[in-house]
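Now for the letters of each chain:
There are 4 protein chains.
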Amino acid sequence: MKEQSMAELHVVPLGTKTTGVSHYVAAVIDTIKQAQDIKYQLTPMGTIIQGPLDRIFELTQKVHEVPFTMGAQRVLTSISIDDRRDKLGTMEGKMKSVESKLKS
Amino acid sequence: MKEQSMAELHVVPLGTKTTGVSHYVAAVIDTIKQAQDIKYQLTPMGTIIQGPLDRIFELTQKVHEVPFTMGAQRVLTSISIDDRRDKLGTMEGKMKSVESKLKS
Amino acid sequence: MKEQSMAELHVVPLGTKTTGVSHYVAAVIDTIKQAQDIKYQLTPMGTIIQGPLDRIFELTQKVHEVPFTMGAQRVLTSISIDDRRDKLGTMEGKMKSVESKLKS
Amino acid sequence: MKEQSMAELHVVPLGTKTTGVSHYVAAVIDTIKQAQDIKYQLTPMGTIIQGPLDRIFELTQKVHEVPFTMGAQRVLTSISIDDRRDKLGTMEGKMKSVESKLKS
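Note that the protein sequences, when read in sequence, are chains A, B, C and D.
Sequential numbering from 1 applies to the first sequence in my numbering.
Sequential numbering from 1 applies to the second sequence in my numbering.
Sequential numbering from 1 applies to the third sequence in my numbering.
Sequential numbering from 1 applies to the fourth sequence in my numbering.
Keep in mind the hints are simulated off the structure, nothing from the lab.
Glycine included, C-beta positions come from ideal geometry on N, C-alpha and C.
Hints are all accurate, no fakes.
Anything over 12 Å on all C-beta distances counts as not near chain D; from chain C, calculated:
no.	residue
1	3
2	35
3	52
4	57
5	69
Calculated cross-link-like contacts (lysine to any residue; reagent style SDA-like; alpha-carbon spacing at most 25 Å):
no.	chain 1	residue 1	chain 2	residue 2
6	A	17	B	87
7	C	62	A	15
8	D	17	B	10
9	A	101	B	34
10	B	17	D	23
11	C	17	D	91
12	C	39	D	19
13	D	62	C	97
14	A	103	A	92
15	D	62	B	20
16	A	39	B	43
17	B	17	D	17
18	C	87	B	65
19	B	17	A	95
20	A	62	A	43
21	B	87	A	20
Cβ-Cβ distance ranges computed for the label pairs, FRET-style:
no.	chain 1	residue 1	chain 2	residue 2	range
22	D	34	B	95	38 to 46 Å
23	D	95	C	100	25 to 33 Å
24	B	95	C	17	20 to 28 Å
25	D	33	A	23	34 to 42 Å
26	A	54	D	52	16 to 24 Å
27	D	18	C	95	16 to 24 Å
28	D	99	C	3	25 to 33 Å
Put together the whole structure using the sequences plus the hints.
If you want it as C-alpha cells, here you go:
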C-alpha cells in the first residue's frame, strides 16, 4: 500500500435557516464517496478520511465548495491531518493499537 | 433521556520519546469508560462522548490530567462540543439523519 | 505567578439565519472580560485565554451558554488547551520564543 | 482586492523528545512569510493566514512538510477555514466588527 495519511474533516455552513445541517453533510459524504484512493468513515462529529496526502488536500478543497453550491454563503471547513512517516498509518492500525492497550 | 450534548475529545502529549502515543490514548479511554452518564465511541482520530454538559466538562478536565500522571510534561487537549437544544442530540440520531440523506 | 495554561476558544452558533455572528462573539468577549484570573487576546479566528486550568474550564462552560441566552438553538464550542508543566507558559513567552527563532 | 478567505493553521510535531517546539514553529512561519498573496498573523496558539483559497491550501500542504525536513517523524497539521462569500472577509474587518459591538 502507498503512503497513507489520515485526516478528520468537518464542514459546517453558517447562517442557515435551520439548526439541522445534515443535508449539507450528506452532500459532502456523497462527494467523498466518489473520491479516488480515499477510504472514509463517517462519525457522529465529522468524517475521517485516509489516503495519499495530495488526494486529501484535493478532496478537502472540493468538499469545501459543496455547501456553497447548495446556497450557503459562509462555510467553516477544518481538516486535521495526522501524518506518520515512521510506519504505515491506517485507520484499522490506529484503532487496534489503542484497543490492544485497554485494561479490559 | 436527560439533556444530552455531544463532544469530540483529543488528548495529545508533546515531547514524548516515541512518535507512538497509543498507550496514553488507551489510558484516556480507560478513564472515559469509568465516567458516569457518559457514552463514548473511539474513532481513529479521537473519542466522541455523549452525556450531560457538566459531565462532559468534568470528564475533559479529568482526562487532561491522565498523560501528566504517566510522565508527560506537555499536553494538548481539545474538546469540541455540539450542543443542540431544539431537539435531543444523540450519536445514533446524528448518524441516521445524515445516512438517510445519502444518495445511495 | 500561579500555574498558567493557555487555551484557544471558539464559540459558533448554527442556524442563525444571518451569516454574520459578530454580536454573539462580542457577547462572549464581554463575558470573558469579566472572568477572574483570566488574560485574553481576541484574534480574527477566536479568542486566546490564559489562566489557571480550573478557571479556563469554568469560563468555557460559561461562555458556551452565552449564544443560547441570545436565542441560538445550536452552539458549537471548542476549547484547545496547551498545558506545559515543565515551565511557566504565558502568551508573551510563547510569542517571544518563536519570534527569537525567526530568520529575519 | 480579490476574494479572500481566512484560516487558522496549527502544525505540531509529535515524538520530538523535548516539550518545546518553537524552532519548528519558527520554520513554519519563515515559510509562510515567503508565500505569495498571503497575509499572516502569529498568535500564541497558531497562525492566522488570509488570502485566496487555493493559495491557502497550497501553503498548508507546504508548511506541513516543514517539520519532516527538520527530522520529525509524525506531524499533526490542522487548518480551519472561515470562508464568507456574501462580503469580503478580512482579518481587520472581522476584528472591527466584533470590537464595535463590545459593551465597553
